[in-house]
Amino acid sequence: MKISTRNKLEGTISAVNNGPVSTEITIDLAGGDKLIAVVTSESARSLGLTKGKKAVGLIKAPLVALLTDAGGYKFSARNQLTGVVTKVNKGAVNSEVSLRLKGGSEVYAIVTNEAVTELNLAANTPATALIKASHVIVGVQ
Amino acid sequence: MKISTRNKLEGTISAVNNGPVSTEITIDLAGGDKLIAVVTSESARSLGLTKGKKAVGLIKAPLVALLTDAGGYKFSARNQLTGVVTKVNKGAVNSEVSLRLKGGSEVYAIVTNEAVTELNLAANTPATALIKASHVIVGVQ
Amino acid sequence: MKISTRNKLEGTISAVNNGPVSTEITIDLAGGDKLIAVVTSESARSLGLTKGKKAVGLIKAPLVALLTDAGGYKFSARNQLTGVVTKVNKGAVNSEVSLRLKGGSEVYAIVTNEAVTELNLAANTPATALIKASHVIVGVQ
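Protein chains in written order, with our numbering: chain A, 17 to 157; chain B, 17 to 157; chain C, 17 to 157.
A hint or two may mislead.
Note: identical chains are not told apart, hence a pair may lie in one copy or across any two.
[As the list claims (entries may be wrong)] In silico lysine-lysine, DSS-like type, Cα no more than 27 Å apart, as pairs:
no.	residue 1	residue 2
1	K70	K118
2	K18	K70
3	K103	K18
4	K90	K70
5	K90	K18
6	K103	K24
7	K18	K67
8	K67	K118
9	K69	K103
These aren't lab readings, by the way, just hints derived from the structure by calculation.
Could you put together the complete structure from these sequences and hints?
As structure tokens, then:
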């Protein structure tokens, strides 16, 4: 597969929750993390997204937010994946930050340079990637 | 709270509209603006998102579109927040544009440099930020 | 209309599928391509989104993913628009890639420079733009 989305998280579908327009899919990733995706119910039907099927969750890096201190807040983002920063690649306005999850998967986020400074993002910083379920594209073979 | 999302709009939940998979949340911001968020119904339940609760709407800057002239069009984006440009921070391909809303909140958008030119975005330009409800993460304490 | 979204795809609404919170809209584009959008049902009502109405689908370039080789995978993204790369405009971290669809519409994607290299994106490369239906803003006059 050659696709531009930086994030390609592989796993197995463990739950499917159908609604009239939207369907929520849970993908169990290696290492115990779970990735939730909301797709149109039409897509869920036409791809045959069912429990037990192998799947990949694709997420564009600009859609990933990073959190280093919740300050007592809880967030609606269904995906809150904790890991450690492995690399910060700085551009003029934005930086690409890589995060290694406990299960070993790599997550990429594009955040503004101000965020890198405010959150002190650097190699070995613990951080949590917040990803809305509606931002995940599901791929199956 | 230390989070990379540029936009952190604080207010009070004034309405909750539950569906089987998705729930729509209205947050009343300072100054009379309203922010609509669509979250999974599971998140709305687990966070206890109910009327009267204080909440923050988090939106990544690349998800904010700017409009300076609707040209007779109406748009489906539930959030259409009008303000005045306070700053344009130009990068190689993209620029970060800051907008001050009437109520005083600051909204940040990352748009292409072509858009900055075409829309004549500069300090003091009036502009409207369009934000899809599905792009808002809701945080509560 | 002066709006920062790079993608402005014009057509005619050919189907409306209502749910309690979300509604799915199909826009037939020039040249036979279709664009699917998911908007809140409240927006669909207030804009009067009905079959036969002219509409424009607006999509921010960072929300468009590019695919050059599916490798046997099928994807949940409702919009999979095939075309040919016309231009790659490289920045420090990201590049803006233009794609001309068979029907003649132009699609813009912002992808990381690593993706440009991995997918060998250059003028005349065939590529498919993947766009989640929830990332499309619908505009009507």
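Against the structure, the hints come out as follows:
For the identical chains of this complex, K70 and K118 are intra-copy neighbours only, at 20 Å inside a copy versus 32 Å across copies, given an alpha-carbon limit of 27 Å. Taking CA atoms no more than 27 Å apart as the test, K18 paired with K70 passes inside one copy only; the shortest distance there is 18 Å, against 35 Å between copies. Taking the shortest alpha-carbon separations for K103 and K18, both the intra-copy value of 23 Å and the inter-copy value of 19 Å come in at or below 27 Å. For the homomeric pair K90 and K70, the shortest alpha-carbon distance between copies (12 Å) is at most 27 Å, but the shortest distance inside one copy (30 Å) is not.
For the homomeric pair K90 and K18, the shortest alpha-carbon distance between copies (12 Å) is at most 27 Å, but the shortest distance inside one copy (35 Å) is not. For the homomeric pair K103 and K24, the shortest alpha-carbon distances inside one copy (17 Å) and between copies (26 Å) are both at most 27 Å. Taking CA atoms no more than 27 Å apart as the test, K18 paired with K67 passes inside one copy only; the shortest distance there is 26 Å, against 36 Å between copies. Taking CA atoms no more than 27 Å apart as the test, K67 paired with K118 passes inside one copy only; the shortest distance there is 24 Å, against 36 Å between copies.
Taking identical chains as interchangeable, the C-alpha atoms of K69 and K103 are never at most 27 Å apart, the minima being 32 Å within one chain and 38 Å between chains.
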